[in-house]
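Peer 1: Start from chain A and add chain B according to the hints.
Below are the chains, spelled out letter by letter.
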Amino acid sequence: MSASPSPSHGQINTDLLRPLLKTSWKFYAVVTILGGIVVTALVSWLSQMFYGFGISGIRWPVYWGFYVTSFVFWIGISHAGTLISAILRLVDAGWRRPVTRCAEVITVFALMIGAMFPIIHLGRPWLAFWLIPYPSERLIWPNFRSPLVWDFFAINTYLTGSLLFLLLPMIPDFAVVRDKSTGLRRRVYTLLALGWRGTPKQWHRLESAMAIMAIAIVPVAVSVHTIVSFDFSMAPVPMWQSTIFGPYFVAGAIFSGIAGLLIAMAILRRVLHLEQYLHPIHFENLGKLLLVMALLWGYFVFNERLVTYYGNEPSEMAVFWRTQRESFAPLYWTMVTGNFVLPLVIMGIKRFRTITGCVIASLGVVVGMWLERFLIIVPSLGHKYLPYSYGIYRPQPVEIIIAGATFAAMTLLYVLFVKIVPIISIWELKAGEHQPPDTTHPAAEERRLREQHS
Amino acid sequence: MPRWGMAVDLDRCDGCGACVTACHAENNISTVGADQASRGRAKHWIRVERYWEGEFPDVRLKFRPVMCQHCGNAPCEPVCPTYASHHTPDGLNAQVYNRCIGTRYCANACPYNVRFFDFFNPSWDKPLHLQLNPDVSLREVGVMEKCTFCVQRIKAATIQAKAEDRNIADGEIKPACAQACPAQALVFGDLDDPESAVSRLSRSSRGSKLLEDRGTKPAVTYLSRQS
Chain A
1 MSASPSPSHG
11 QINTDLLRPL
21 LKTSWKFYAV
31 VTILGGIVVT
41 ALVSWLSQMF
51 YGFGISGIRW
61 PVYWGFYVTS
71 FVFWIGISHA
81 GTLISAILRL
91 VDAGWRRPVT
101 RCAEVITVFA
111 LMIGAMFPII
121 HLGRPWLAFW
131 LIPYPSERLI
141 WPNFRSPLVW
151 DFFAINTYLT
161 GSLLFLLLPM
171 IPDFAVVRDK
181 STGLRRRVYT
191 LLALGWRGTP
201 KQWHRLESAM
211 AIMAIAIVPV
221 AVSVHTIVSF
231 DFSMAPVPMW
241 QSTIFGPYFV
251 AGAIFSGIAG
261 LLIAMAILRR
271 VLHLEQYLHP
281 IHFENLGKLL
291 LVMALLWGYF
301 VFNERLVTYY
311 GNEPSEMAVF
321 WRTQRESFAP
331 LYWTMVTGNF
341 VLPLVIMGIK
351 RFRTITGCVI
361 ASLGVVVGMW
371 LERFLIIVPS
381 LGHKYLPYSY
391 GIYRPQPVEI
401 IIAGATFAAM
411 TLLYVLFVKI
421 VPIISIWELK
431 AGEHQPPDTT
441 HPAAEERRLR
451 EQHS
Chain B
1 MPRWGMAVDL
11 DRCDGCGACV
21 TACHAENNIS
31 TVGADQASRG
41 RAKHWIRVER
51 YWEGEFPDVR
61 LKFRPVMCQH
71 CGNAPCEPVC
81 PTYASHHTPD
91 GLNAQVYNRC
101 IGTRYCANAC
111 PYNVRFFDFF
121 NPSWDKPLHL
131 QLNPDVSLRE
141 VGVMEKCTFC
151 VQRIKAATIQ
161 AKAEDRNIAD
171 GEIKPACAQA
181 CPAQALVFGD
191 LDDPESAVSR
201 LSRSSRGSKL
211 LEDRGTKPAV
221 TYLSRQS
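Chains as they are written, first to last, in the numbering used here: chain A, 1 to 454; chain B, 1 to 227.
Extracted from the complex, chain A is given alone in its bound form (with noise of 0.2 Å):
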């Protein structure tokens, strides 16, 4: 796999538990930093139920901004993890062990995040809860007819199967902390760890749980971003109503995903020296498929706009002029350039396919994505069919704020999960230099299991 030697399950234990055990003053500093930005925008939060809605940008006829674009954009990062890591699961790619804790996490916390975003944005967010159908003495009920309903059942159902899915292969990593760890520590971490002892029973089920997991997983992330494509193309907006958006938001979403895990990766590897384990291979492999789906994304947007052209029904007509070379070209073609010119260059010619040429690649990405849903959302709403009722869309400090602050966020929650899990699956990283299990005797694999947690 590299050209360094591997590391010995000594080492790999230290290296990987490092983060947990010790604690410097940078911890602190970062997590106070990032800290101050999150409570800041839940201030401007606060502040914006307080006064009202209006000391936003929000306006008529442009009634879904920067908020929705943060929603959509984080429920894509989200597919980073949970897809890749199960799809590279299900083929059985070798190199995928150190890479699929880092892109479960995104996959949570990046949900968790966008998740708030339909109710930040909502006129009563107090009131959110009326999405939940529960049985009232009012017989009133959701309506089931409505994509904003199906969101809610899409995202809670993605956000419980993807925490099963990352915190089934922690079970064995929470063991190895409790029988490194003392005190306190020991106490959480034995709570955690469920009783696990490694025998061959519960080796069994745990694969047979990944299994199922990884297999339930894909269906539901390639739901979840249909059904989020579904809150525009449901709806009768130029340029909204189209039949590719389900599969044109489903490769948007993993393309963004896949940047979103470089750059955590390239952080990762950088601050907690893990050169060891996440080698130059990991991102260049993860850089082609980047570059895969920026040629897919590529493809759904030509098919997009020439269908469009091609079809030259005025309303849209306006609405394709307004982004193709009027008002909003210039983000149009930052996001051409970010989404397919960018990694098309850097990714595909192999010289360039390094770990700084993949964050300078995917952070095109993430800002092309970015863009690409505030340029779905804004110019269609401020052009709809009655040239009266014609608007723009200025972003005022509260939405601006709020939707840099879930960066912080990101980097905040990662943070502090890298200091109580490691970030890094051990006992896969271990068992990827092994025999598959089940081909070996049951007492041999017994007692290699009972020598690498001692």
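Calculated from the structure, these hints are not laboratory results.
Since the model is a prediction, treat every value here as computed from it, not as a measurement.
We put the CB at the ideal spot given by N, CA and C, even for glycine.
Please note that the accuracy of each hint is not assured.
Here are some, though not all, of the chain B residues that point toward chain A, as calculated from beta-carbon distances under 7 Å [to be verified]:
1) E49
2) I101
3) R104
4) A109
Peer 2: Chain B only, in chain A's frame:
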């Protein structure tokens, strides 16, 4: 069960704006001031759209009063997650303010942009707060509101007619806009009664629906200008 509808004779409309003012007074629609209005926060349940045709000096000015079209196939209804926007048996597109959580999805789906969001709690400069209509509920911040065809007047007339054990006469109900229109460009009534004024006008060869090709089946018919 009647099916309420309206006919708008564009030949008669001179764009005076009396309908807009009457609507604001009748329905307790708060004004937001010049600054907020310029930021797109004005709420006009009915508005007079102005369109200029031709090049100067051969310019023709056209007016079109636009209110909620009370679509028979309304795009705003299926997208609402809480049934705040729903259809009544008598053909009205109703909005239950207390059930609205403010996703604003209905306003996005509406091709006519006739749905308005309350960006702030309503307020009136003194002494205007004393002239509020007791029959119409106030809307708090964060909900959508829109033209109701003056449902409070429809209900009052329906109850009155039921008490007197008779049918509602044609022309008995007049929404505030129709009542205020000096040129009588707006005619309201029951579309299921073939003899009603609104039915006869809706059948006119001059009649057309706004954005008819969107398939929304509006209850409002516009009679085109002859001159």
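Peer 1: A closest beta-carbon separation below 7 Å is what the hint needs, so does B:R104 meet it against chain A?
Peer 2: At 4 Å from the nearest chain A Cβ, B:R104 passes the 7 Å test, so the hint holds.
Peer 1: Would the hint on B:I101 stand, with a C-beta cut-off of 7 Å toward chain A?
Peer 2: OK, holds: B:I101 within 7 Å of chain A, min 5 Å.
Peer 1: Verify the interface restraint on B:A109: the C-beta must sit less than 7 Å from at least one C-beta of chain A.
Peer 2: At about 4 Å, which falls below the 7 Å cut-off, the nearest Cβ of chain A leaves the hint on B:A109 intact, so it holds.
Peer 1: The hint names B:E49 as touching chain A; please verify it with the least Cβ-Cβ distance against 7 Å.
Peer 2: holds, 4 Å
Checked against the numbered hints above, the structure breaks none of them.
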